[in-house]
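K.L.:
Please build the complex by placing chain B on the supplied structure of chain A, with the hints as guidance.
Line order of the protein sequences matches chains A and B. In terms of the working numbering, the first sequence opens at residue 1 and continues consecutively. In terms of the working numbering, the second sequence opens at residue 1001 and continues consecutively.
It should be emphasised that the hints constitute simulated quantities derived from the structure, not laboratory data. C-beta atoms are modelled at their ideal positions from N, C-alpha and C, and glycine is treated no differently. Just to be clear, a hint being listed does not mean it is correct.
Said to hold, decoys possible - With a straight-line cut-off of 27 Å between C-alpha atoms, the simulated DSS-like cross-links for lysine-lysine are: (1) B/K1180 with A/K286; (2) B/K1180 with A/K291; (3) A/K286 with A/K17; (4) A/K190 with A/K32.
Stated by the list, open to error - Beta-carbon label-pair distances, calculated as ranges: (5) B/E1239 with A/E9: 55 to 63 Å; (6) A/E306 with B/E1239: 54 to 62 Å; (7) B/K1204 with A/H75: 25 to 33 Å; (8) A/H75 with B/R1222: 44 to 52 Å; (9) A/R7 with B/R1136: 22 to 30 Å; (10) A/E282 with B/V1052: 19 to 27 Å; (11) A/D114 with B/I1241: 50 to 58 Å; (12) A/V331 with B/Q1158: 35 to 43 Å; (13) B/S1227 with A/F325: 32 to 40 Å; (14) A/E282 with B/L1217: 37 to 45 Å; (15) B/Q1158 with A/R7: 41 to 49 Å; (16) A/G366 with B/S1227: 20 to 28 Å; (17) B/G1206 with A/E144: 56 to 64 Å; (18) B/R1222 with A/A165: 53 to 61 Å.
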Amino acid sequence: MAGGTKRIEIQSQQRLKSLMRDYFLDLDAAAKDPARRVAWCTSVGPCEILVALGFATYFPENHGALLGAKRVSHHYIPHAVGAGYCAESCSYTTADIGAALRKYSPLQEAYGIDGPPRPDVLCYNTNQCREVQDWFQFFGKHHESPVLGICPPRYLGSVSVAHIAFVRTQLQQLVADIESRFHVKLDPAKLQEVVALSSRASALWRRVLDTARSSPSPITFWDGLIHMAPVILMRGSRVAIEYYEELLREMQGRVESGIGAVPAERFRLYWEGMPVWPRVRELSEKCFDLKVSVVASTYCNSWAFEEYDGGDPLEWMARTSTEIFINRDEVFKQSFLLEMRERFAIDGFVFHNARTCPNNTNSRFGLAQRLRDEHELPVLVVDGDLSDGRFFSTAQTMTNLEAFVEQLAELRTPSRACVTGGGKP
Amino acid sequence: MTPPALLPTRRDREALFVGVDAGSSATKCVVIDVAGTLLSQSVVASGFDYAVAAEQALDAALRGIVPSLGGAFWNAPADPLGATGGCRDFPGTTGAKSISAAVAAACRGDEDEAVSALRADIARCVATGYGRANVRFAQSAVTEITCHARGAREWYPQVRAIIDVGGQDTKVIRINARGKLVDYRMNAKCAAGTGTFLESIALKLGVPLRTLDDLALTSTGRTVVNSYCTVFAGTEIIERIKNGEPRQDIALGLFRSIATRVGEMVGARDGAVAATGGVVAHCRAMVKVLEEVLGASVLLPPLPQQAGAYGAALLAREAQWDDVSEDPGAGRRMPGRSACHECSSQG
Chain A
1 MAGGTKRIEI QSQQRLKSLM RDYFLDLDAA AKDPARRVAW CTSVGPCEIL VALGFATYFP
61 ENHGALLGAK RVSHHYIPHA VGAGYCAESC SYTTADIGAA LRKYSPLQEA YGIDGPPRPD
121 VLCYNTNQCR EVQDWFQFFG KHHESPVLGI CPPRYLGSVS VAHIAFVRTQ LQQLVADIES
181 RFHVKLDPAK LQEVVALSSR ASALWRRVLD TARSSPSPIT FWDGLIHMAP VILMRGSRVA
241 IEYYEELLRE MQGRVESGIG AVPAERFRLY WEGMPVWPRV RELSEKCFDL KVSVVASTYC
301 NSWAFEEYDG GDPLEWMART STEIFINRDE VFKQSFLLEM RERFAIDGFV FHNARTCPNN
361 TNSRFGLAQR LRDEHELPVL VVDGDLSDGR FFSTAQTMTN LEAFVEQLAE LRTPSRACVT
421 GGGKP
Chain B
1001 MTPPALLPTR RDREALFVGV DAGSSATKCV VIDVAGTLLS QSVVASGFDY AVAAEQALDA
1061 ALRGIVPSLG GAFWNAPADP LGATGGCRDF PGTTGAKSIS AAVAAACRGD EDEAVSALRA
1121 DIARCVATGY GRANVRFAQS AVTEITCHAR GAREWYPQVR AIIDVGGQDT KVIRINARGK
1181 LVDYRMNAKC AAGTGTFLES IALKLGVPLR TLDDLALTST GRTVVNSYCT VFAGTEIIER
1241 IKNGEPRQDI ALGLFRSIAT RVGEMVGARD GAVAATGGVV AHCRAMVKVL EEVLGASVLL
1301 PPLPQQAGAY GAALLAREAQ WDDVSEDPGA GRRMPGRSAC HECSSQG
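Bound conformation, chain A alone (with noise of 0.2 Å):
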């Protein structure tokens, strides 16, 4: 490979595989267990609730983004298209309900199981998008299973305590549906335990993603997109801290040794937007060929809440699900990504426009545009999508990253380039 100097490999890595091994087979026997039952959560949701009444939580935009690494959705988002999605919504959405209407999972190779837990129940959050609440009600017809939710509000400016109040109000109605449904009482206690191990395991996950401060920084958002799993799927539980206590220590280790995730980092670059699942690796390499280190990302940082301080634990859940950075408006949105380039020394901003996922796509309202126009700030959009690798140029794509690489590179160097003149045919 190019870049001078070979990769170092994460070594919690290994852990983490065992780590997703034992909760996917968890999972499975949960399902299959009739004293167990599981819930469908989505990722920025009410899964602490959840876990504290102790059903196995599970979470389909994790399948969602398996199915792009694995580049299969474009097989199966047909059958979706064909059961009456539209191929330009959400290919997490439609990759999911084609795979399962083919009955087809990337679990079942990877672990042996059948695939996604049967639910009990599926919760959703519409604080991402509304795509979340159309996708469970899919899941809940086909398996015959309630399907609830909380709507916060949408794109805020600032989070008041009337929102924060609004949103606690619709997770207490969520409790007492699942309590009356299940005919099970959440212990307040217990769903304190929860939230403080989940916000422990998010403000781990927070300083791991702060030793990228450093240069060269020790981790990618590249590896960041493996290493975040625990942070969602793992929530409430002790497993998620003790792993992010280690890779803490690892990163931590890596900073003292100077050793870098791109040795050779010339660059550092944000990563606004979606993953592009299906080409992550390419990506990863082509970044790292061009001694480019993508340091922070508005997806990475997506899970690194606010610390829980042992107060109300639904008002916790309010106002973290709330405030998060895709439910903001553009103003919020752009002093963040200010916020972000001095915190971890940004050279440029890289915005995936994501075809089918408007609401994680920042650069359809002139943000990308004025943080060039009004700060001077070197930015790419480069479309491509979360899912669906069919809307992804890698020739287009790979052009577009060096030649970001070469503009900042003459940002950086004053050079000749006032000669004029000479050469004229």
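P.N.:
Just chain B, lined up with the frame of chain A:
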């Protein structure tokens, strides 16, 4: 086929510099000397194999130099703008001494030997274009965005935006007063707004692209083909033909469709605009509607299609300059080279 060896690198004053733009439709090659003067160029079809096309383009460009190396060297007609390659006198004219092997071969009438000798004079080659990684004899690769900017700026130092309408994509490249690349945009993954769009529609209408251009130039209509998709544009054209719209208006509407996409990418205009690429090189109607949409005149370089290759050759020369302690062209000042009027640097 055995891959050819990398070209040797030379640092002397007789060195040649080569830029190869391996584009989706055509591969372009430009050869310049140490002073940056364009000596020869070529355009060949890219076909199925970029590596072969690059070899052919280099060979054609070098052959374009040979006629002026022979007995008529000093009086050879300058023809760098010839459609299939050409050359003119070397600048500074240290004469046959500087390229003795090539001149000797040319005088003997041995064109192959002269090309071989010229090849040995190549100090550095930079490849660009989608097939840049396949140009085996190039020492380095640079994107077409940087190369088009460099080429256009050499012709027009005042330019601030370069519109490159290529076969596979359309780019709008912005440079600042210091010549630095500050921003660029590419069309989304779709043929609409590219040369392929025109070729596809011309094929559908059963006319050569040149005919489409000739037709468009006679139109005074306001037709715009609105569809964003090449397939839908085809349907829209059929509808317009059915409705009896004049052919020349439909033809101009096609070019206007591309210009409208380009206009969206250009956004707020600040400074002079130049157009490069195969489409503007071959279709005068394209320039006409670009000017109409942008509301400003568009600079058209002498070799619009070869702007990327020319930029690559200039970058090859500058890279060599970086590698040596002195400017190899310093002994013979570049014609027209001057102090930059917009900053304190001296040329």
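K.L.:
Next, verify each hint and record whether it holds.
P.N.:
Results of checking the hints against the structure:
Taking the CA atoms of B/K1180 and A/K286, the gap is near 23 Å; set against the 27 Å cutoff, the hint holds. With a C-alpha separation of about 21 Å, the suggested pairing of B/K1180 with A/K291 holds against the 27 Å cut-off. The hinted pair formed by A/K286 and A/K17 meets the criterion: a straight-line CA distance of about 25 Å does not exceed 27 Å. Proximity of A/K190 to A/K32 is assessed by CA-CA distance (about 25 Å); at most 27 Å being required, the pair is judged to hold.
In this structure, B/E1239 and A/E9 meet the distance hint of 55 to 63 Å, their C-beta atoms being roughly 58 Å apart. Distance hint for A/E306 and B/E1239: a CB-CB separation of about 57 Å, consistent with the stated range 54 to 62 Å. The beta-carbon spacing between B/K1204 and A/H75, approximately 31 Å, falls within the hinted interval of 25 to 33 Å. At about 46 Å, the beta-carbon gap between A/H75 and B/R1222 stays in the expected band of 44 to 52 Å.
For A/R7 and B/R1136, the Cβ-Cβ distance of about 27 Å falls inside the hinted range of 22 to 30 Å, so the restraint holds. The beta-carbon spacing between A/E282 and B/V1052, approximately 26 Å, falls within the hinted interval of 19 to 27 Å. Between A/D114 and B/I1241, the C-beta spacing of about 56 Å keeps the proposed range 50 to 58 Å intact. Checked against the hint of 35 to 43 Å, the C-beta distance between A/V331 and B/Q1158 comes to roughly 37 Å, which is consistent with it.
For B/S1227 and A/F325, the Cβ-Cβ distance of about 36 Å falls inside the hinted range of 32 to 40 Å, so the restraint holds. At about 44 Å, the beta-carbon gap between A/E282 and B/L1217 stays in the expected band of 37 to 45 Å. Checked against the given bound of 41 to 49 Å, the beta carbons of B/Q1158 and A/R7, roughly 45 Å apart, stay inside it. Checked against the hint of 20 to 28 Å, the pair A/G366 and B/S1227 passes, with Cβ atoms roughly 26 Å apart.
For the pair B/G1206 and A/E144, the supplied restraint of 56 to 64 Å holds, since their beta-carbon distance comes to about 58 Å. Between B/R1222 and A/A165 the beta carbons are some 57 Å apart, a value that agrees with the proposed interval 53 to 61 Å.
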